[in-house]
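Participant: Here are the chains, one letter per residue:
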Amino acid sequence: SQQGEEDPQALSIQEGENATMNCSYKTSINNLQWYRQNSGRGLVHLILIRSNEREKHSGRLRVTLDTSKKSSSLLITASRAADTASYFCATDDGSWGKLQFGAGTQVVVTP
Amino acid sequence: DGGITQSPKYLFRKEGQNVTLSCEQNLNHDAMYWYRQDPGQGLRLIYYSQIVNDFQKGDIAEGYSVSREKKESFPLTVTSAQKNPTAFYLCASSMSGHQPQHFGDGTRLSIL
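If you read the sequences in order, they're chains Y and C. Residues in the first sequence are numbered from 1335 upward in steps of one, following the numbering used here. Residues in the second sequence are numbered from 3 upward in steps of one, following the numbering used here.
Because the hints were derived from the structure by calculation, they are not lab data. The structure displayed is predicted, hence computed values, not measured ones. Don't be surprised by glycine CBs; every beta carbon is placed ideally from N, CA and C. Hints may be right or wrong, so weigh each one.
[What the hints assert, rightly or not] Reference listing, derived: stretches of chain Y covered by chain C, where coverage requires no fewer than 3 residues with Cβ under 8 angstroms from a Cβ of chain C:
#1 1356-1367
#2 1370-1380
#3 1435-1442
[Claimed, not checked] Just the calculated beta-carbon pair ranges, DEER-fashion:
#4 Y:T1411 with C:T22: 41 to 47 angstroms
#5 Y:R1414 with C:S82: 41 to 47 angstroms
#6 C:M97 with Y:N1352: 30 to 36 angstroms
#7 Y:N1352 with C:D56: 41 to 47 angstroms
#8 Y:E1389 with C:S82: 47 to 53 angstroms
#9 Y:S1373 with C:S9: 16 to 22 angstroms
Let the sequences and hints guide you as you build the complete structure.
Facilitator: This is the structure in structure tokens:
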């Protein structure tokens, strides 16, 4: 079963603009992770945010977590064509190793 | 360079045939995972292994089998009992069950 649900399903922006995508989940979590997948490739881990954290930054990425609303957002600032990919949230509910992935947000950044 | 290697990149299966997908990691990770990805969907967990000689069923284990005889290797067999095997299969590993997972570049399996 998929716990995380990303919104929007697809996003098209121009280089230099910011991209924001959201993830909602149903049950309590230990942590929430964001991954990127380029077409035809494996996933790459971006950021892990724990349930007691509210915001985390990594380079041009900013992740927020609101456990009261069971939601998270990923912001990519000053996007580049190389950011074109699908972005997935995955929730860790404390069950060993069992991440629940959403269906992803497909982001296209045009030059 | 450390990483996860999946092979082959593309695989074709005939009706009634079992096929085995290879996954090797040199990251010295204890945990390994197999996922299935269908178009436009997220990943679904097939099997996972916390340690050598131990593995557990995930959410969609029916029609699949695995072994974990070595720390570095976690092969997945898609058996003839899996009636809809066409998908993109991803292998991953992590230091432990609550750490970020590192992924291979996948094997795309199709039916002939």
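Participant: Each hint needs a verdict: does it hold in this structure or not?
Facilitator: Now for the hints, and whether the structure bears them out:
1. With 3 residues carrying a beta carbon less than 8 angstroms from a beta carbon of chain C, the region 1356-1367 of chain Y meets the three-residue requirement, and the given coverage holds.
2. Counting residues of the region 1370-1380 of chain Y whose CB falls under 8 angstroms from any CB of chain C gives 6; the rule of at least 3 is met.
3. For a cut-off of 8 angstroms, the count of residues in the region 1435-1442 of chain Y with a CB near a CB of chain C stands at 4, and the three-residue condition holds.
4. In this structure the hint that T1411 of chain Y and T22 of chain C lie 41 to 47 angstroms apart at CB holds, the actual value being about 44 angstroms.
5. At roughly 46 angstroms, the beta carbons of R1414 of chain Y and S82 of chain C sit within the given window of 41 to 47 angstroms.
6. Taking the beta carbon of each, M97 of chain C and N1352 of chain Y are about 33 angstroms apart, inside 30 to 36 angstroms as hinted.
7. Remark: the range hint 41 to 47 angstroms for N1352 of chain Y to D56 of chain C is upheld by a beta-carbon distance near 45 angstroms.
8. Checking the proposed 47 to 53 angstroms range against E1389 of chain Y and S82 of chain C shows it holds: the Cβ atoms sit about 49 angstroms from each other.
9. For S1373 of chain Y and S9 of chain C, the Cβ-Cβ distance of about 20 angstroms falls inside the hinted range of 16 to 22 angstroms, so the restraint holds.
When each numbered hint is compared with the structure, no violation occurs for any of them.
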